[in-house]
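Asks: This is what each chain is made of:
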Amino acid sequence: MTNTAEEKKALICLIANLLRDCNHVAVGAASPIPGAAALLAKAAWGKPRFVNILGSVANNFFTGGGGELFDCAAQGRIDAFFLGGGQIDGQANINLMGRGNYPNCSPRWPGTFGSAYLYFLIPKVILFREEHSRRTLVEKVDFISAPGISDEKTYRKGGPFGLLTSKAFFHFDKDKKRFRLESIHPTSSLEDILDNTGFSFDYAEDTPLTSPPDPALLELLNRDVREKVAEVYPNFADTIFPVTSHAAQDI
Amino acid sequence: MTNTAEEKKALICLIANLLRDCNHVAVGAASPIPGAAALLAKAAWGKPRFVNILGSVANNFFTGGGGELFDCAAQGRIDAFFLGGGQIDGQANINLMGRGNYPNCSPRWPGTFGSAYLYFLIPKVILFREEHSRRTLVEKVDFISAPGISDEKTYRKGGPFGLLTSKAFFHFDKDKKRFRLESIHPTSSLEDILDNTGFSFDYAEDTPLTSPPDPALLELLNRDVREKVAEVYPNFADTIFPVTSHAAQDI
Amino acid sequence: MPMGFEDVSIEDFAMAIPDGAKVAIPADYAGVSMEATRALIRRRVKNLHLVGVPTSGLQAELLIGAGCVKIFESSALTLGEYGPAPRFTKAVREGSIDLIDATCPAIHTGLQASQKGIPFMPLRGILGSDVLKNHPGWKVIQNPFANEEDPIVAIPAIQPDIALFHAPLADRDGNVWIGRKRELVNMAHASKAAFVTVDAISETSLFETEEKAAGVLPALYVGKVSVAPNGSWPLPFWNGAEVDDAHMRRYMDMAKSDEGFQDYLNEFILQETVPA
Amino acid sequence: MPMGFEDVSIEDFAMAIPDGAKVAIPADYAGVSMEATRALIRRRVKNLHLVGVPTSGLQAELLIGAGCVKIFESSALTLGEYGPAPRFTKAVREGSIDLIDATCPAIHTGLQASQKGIPFMPLRGILGSDVLKNHPGWKVIQNPFANEEDPIVAIPAIQPDIALFHAPLADRDGNVWIGRKRELVNMAHASKAAFVTVDAISETSLFETEEKAAGVLPALYVGKVSVAPNGSWPLPFWNGAEVDDAHMRRYMDMAKSDEGFQDYLNEFILQETVPA
Chain A
0 MTNTAEEKKA LICLIANLLR DCNHVAVGAA SPIPGAAALL AKAAWGKPRF
50 VNILGSVANN FFTGGGGELF DCAAQGRIDA FFLGGGQIDG QANINLMGRG
100 NYPNCSPRWP GTFGSAYLYF LIPKVILFRE EHSRRTLVEK VDFISAPGIS
150 DEKTYRKGGP FGLLTSKAFF HFDKDKKRFR LESIHPTSSL EDILDNTGFS
200 FDYAEDTPLT SPPDPALLEL LNRDVREKVA EVYPNFADTI FPVTSHAAQD
250 I
Chain B
0 MTNTAEEKKA LICLIANLLR DCNHVAVGAA SPIPGAAALL AKAAWGKPRF
50 VNILGSVANN FFTGGGGELF DCAAQGRIDA FFLGGGQIDG QANINLMGRG
100 NYPNCSPRWP GTFGSAYLYF LIPKVILFRE EHSRRTLVEK VDFISAPGIS
150 DEKTYRKGGP FGLLTSKAFF HFDKDKKRFR LESIHPTSSL EDILDNTGFS
200 FDYAEDTPLT SPPDPALLEL LNRDVREKVA EVYPNFADTI FPVTSHAAQD
250 I
Chain C
0 MPMGFEDVSI EDFAMAIPDG AKVAIPADYA GVSMEATRAL IRRRVKNLHL
50 VGVPTSGLQA ELLIGAGCVK IFESSALTLG EYGPAPRFTK AVREGSIDLI
100 DATCPAIHTG LQASQKGIPF MPLRGILGSD VLKNHPGWKV IQNPFANEED
150 PIVAIPAIQP DIALFHAPLA DRDGNVWIGR KRELVNMAHA SKAAFVTVDA
200 ISETSLFETE EKAAGVLPAL YVGKVSVAPN GSWPLPFWNG AEVDDAHMRR
250 YMDMAKSDEG FQDYLNEFIL QETVPA
Chain D
0 MPMGFEDVSI EDFAMAIPDG AKVAIPADYA GVSMEATRAL IRRRVKNLHL
50 VGVPTSGLQA ELLIGAGCVK IFESSALTLG EYGPAPRFTK AVREGSIDLI
100 DATCPAIHTG LQASQKGIPF MPLRGILGSD VLKNHPGWKV IQNPFANEED
150 PIVAIPAIQP DIALFHAPLA DRDGNVWIGR KRELVNMAHA SKAAFVTVDA
200 ISETSLFETE EKAAGVLPAL YVGKVSVAPN GSWPLPFWNG AEVDDAHMRR
250 YMDMAKSDEG FQDYLNEFIL QETVPA
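Protein chains in written order, with numbering that gives the first Met the number 0: chain A, 0 to 250; chain B, 0 to 250; chain C, 0 to 275; chain D, 0 to 275.
Just so you know, the hints here were simulated from the structure itself, not pulled from any lab data.
One thing to keep in mind: the hints can contain errors.
Simulated crosslink set (EDC-like; lysine to aspartate or glutamate; CA at most 20 Å straight-line) [stated by the list, open to error]:
#1 B:K7 - D:E80
#2 B:K152 - D:E80
#3 C:K191 - C:E80
#4 B:K123 - B:E151
#5 B:K46 - C:E5
#6 B:K227 - B:D237
#7 B:K227 - C:D172
Extracted from the complex, chain A is given alone in its bound form (with noise of 0.2 Å):
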């Protein structure tokens, strides 16, 4: 569970740094570690400058009702958020409808959302799915809720940046449409990888370990943000940072 504590942790800073260039980022109060990750980098360095976790109350800085935050990606004003999926593929398509023939998926999943819409408009999408293994990320969706890429006449402003699970991070390549492997988390290696990958992608035999999160960062976060994550993800927080005096004094 420790472990499992420190991996998140490190995702929460491997995500950090992917947010340093965004003025606004937008979570789902549903995704603790992209949020938290969202709170560290501002809190870090002031970038993003806002972060909008979305459900929230508290921490919800939209006063036009749901459809806000559609029309502030249609806008421009957010540079990142992140999507998920029941199945992701190598085109970077995402299904989050279900599996089998639609309409009568088994398992049906909850549904699109609006990622068949942020993903055109949010320059930064960020697919984030712990479970890496062939059942997730397979080779073709059964149902694109949102295409990965678009032919050159679909007005598009935005669209897949990487993928991120909890054994590597892999870039999407916009010109080839494939992912490429980028890094690889110290938990797992590339053969683990390809043996867990339904779909190809590109890759170097020398792909790099994950970079452990920096020091300072963690620091930060165990340190200054975990209030903050605790404020908005309580559950999330009370498996990701034990319970120690010093935290029992602060409360």
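Starting from the known structure of chain A, arrange chains B, C and D on it as the hints suggest.
Replies: Frame of chain A, contents of chains B, C and D only:
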């Protein structure tokens, strides 16, 4: 001046009667006679149930910004509205833009406001223009801010109900696409109206006089509604309600 | 009550929502009227066309499970961290409800088109999604202002009969305070009438201050109001309760089987059991 | 100032509005920044494209009179009961400004299209109006959802560079309170940035209560804030001052002639005379 005040009150009572079948009437902040009429009708009959004075803070219940009036009209939620015009012609076209050749009108009037839209969507649009002359009531307007009639294929849920001036009330006959003289105010005559109207219209030689206001309604206006009118249209209220010791006591 | 606006019992409120009605319901974060949902199930409403704005959760799950729904139109049905919605999952697998699967902004856009009284509104994105391929209403048109090929999706207006939600307050004129949950305003404007359960009645006008007025849905749009304190239970409410976690877990456990779901209905809805 | 948001002087504020900018300005009832208007005239801004949302009044009149405006796009320019706007009337007669005459809902709609990031939005009405005949941007299209002939006007998006207005409050994070003047929110969302003069700075966050939050324009949309107490003078303000009737009458009197208008500029604007 007293006479004019009585005439204005008669117009208010006449309009109030036209609004009895309405649920929601919107009026401009600069339209005191229609506004007073709507307030009077609401006080007398509880209909219209909703009176919205645009541009006012205290007497405007819209909370969706300046666009709500137009959305509300398109939803079919506004039953009556008032439009004026620097020129009005026999097909109920109205001109709020200016005389002469657009764009270099001389004089230029303020502009079309929402007329080009509301005239199509509000069932009972009452044209109200106190000045009854060949200058204002013309054969053909120089500029059609909003057309009185439309062809079959045009989506149109509303349009002109009638035209009220300081001399008469005309009903607009949508089938004949012409005005018909409905009643003549006591201060005018058929000859006066024919002399001062620039467009041709249908009329009977024995067109009745406009009924004098119902004494009870007038009493209600003078007694109960005067304060409401004064709240919304203070300057106007001063001109039609002479300051009496009774009124002074109220203040 | 200057306008003669009276709040009604929850049973009368539910009776006024006819079988076959097209009912817009908000996402869990915006204030779900679970009290009205239970009353609808008790009155055995049939053939509802639910529009989840832009998603739904336990409300649609219960109505679907209880056989009240013919069409479910939304971008998702999610119970969040509690996992897959068992009755919805079963209904989809068996094809016992008609699905109109959309994407969140298209639901908002369809309602906005209705709100503006226009037949459709264009929307970016969506092209190449299987949601577009399967949607019965959307069309791809050419952007009339582009010189080059520029396909764009046209979303037809969605006009619900009723916008149904829970809010903190109504006043005696029938005005409702919705704070900054402006999707409720859009829903109400787009619908023929808003049906609102409220935690409480304000004896003073909600227009008394401009601060309060900024978050008001005017009475003009409001059809019925029923007082239902904590009416979003067991769901959370943005201006009040937390989610009833124990109850949600109990639901997930009971709703695994048809019998268990029937027991849930009997125990918590048909018996009119009220929250502790 | 947790976000490092600083209010600026009115002169710096005006300097940040470049020549040729497309500037959205509200109608008199929604909060006009007359203080910024005077600063713009002092800095001798040129070639503005004003968008009156949906109309304008003294603000456009002064800017037009002072030679700051190339294009005036709106549904009306009105000084209300004070009568015809003298400088506007003259400019129209002489053809010294370009007019884009619209109708109120079309201005709102064009801004909403920009707000939604779509190229256009359809709108009912307008067909047969000479406004349509003369508008350079609007097109009539066939409603793609109708089987019969159903022409409808397509209004292209209006994207201003700047939304300029006056509001009661900003906080230290750069959030602005606009109450229920939601056209200001639409203007700001539709524009690249909102430039706002405020009566005062709130030392507490405007998000502190949900009541206040309901009327907030978030800092994300706000470019610059300048503190200008009573900044709508001599116009009225929905959250404060009445119109300065004597001053308006004086303006009408002075602006009858070119010389009188120049005197007005000298006395009340170029000399930086402040309201009493």
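Asks: Within 20 Å, alpha carbon to alpha carbon, are B:K7 and D:E80?
Replies: Given pair B:K7, D:E80 holds - Cα atoms ~18 Å apart, limit 20 Å.
Asks: For the pair supplied as a hint, B:K227 and C:D172, confirm whether the alpha-carbon distance does not exceed 20 Å.
Replies: The given pair, whose Cα atoms are some 18 Å apart, holds under the 20 Å limit.
Asks: For the pair supplied as a hint, B:K152 and D:E80, confirm whether the alpha-carbon distance does not exceed 20 Å.
Replies: This hinted pair is violated, its Cα atoms lying about 39 Å apart.
Asks: Given the proposed pairing of B:K227 with B:D237, does the C-alpha separation stay at or below 20 Å?
Replies: At roughly 12 Å apart (the allowed maximum being 20 Å), B:D237 and B:K227 satisfy the hint.
Asks: Do the alpha carbons of B:K123 and B:E151 lie within 20 Å of each other, as the hint requires?
Replies: With a Cα-Cα distance of about 19 Å, the restraint between B:K123 and B:E151 holds, given a limit of 20 Å.
Asks: Would you check the hint for C:K191 and C:E80, treating anything up to 20 Å between C-alpha atoms as holding?
Replies: At roughly 34 Å apart (the allowed maximum being 20 Å), C:E80 and C:K191 break the hint.
Asks: Is the Cα-Cα distance between B:K46 and C:E5 20 Å or less?
Replies: holds (18 Å)
The structure is inconsistent with the numbered hints 2 and 3, although it conforms to all the rest.
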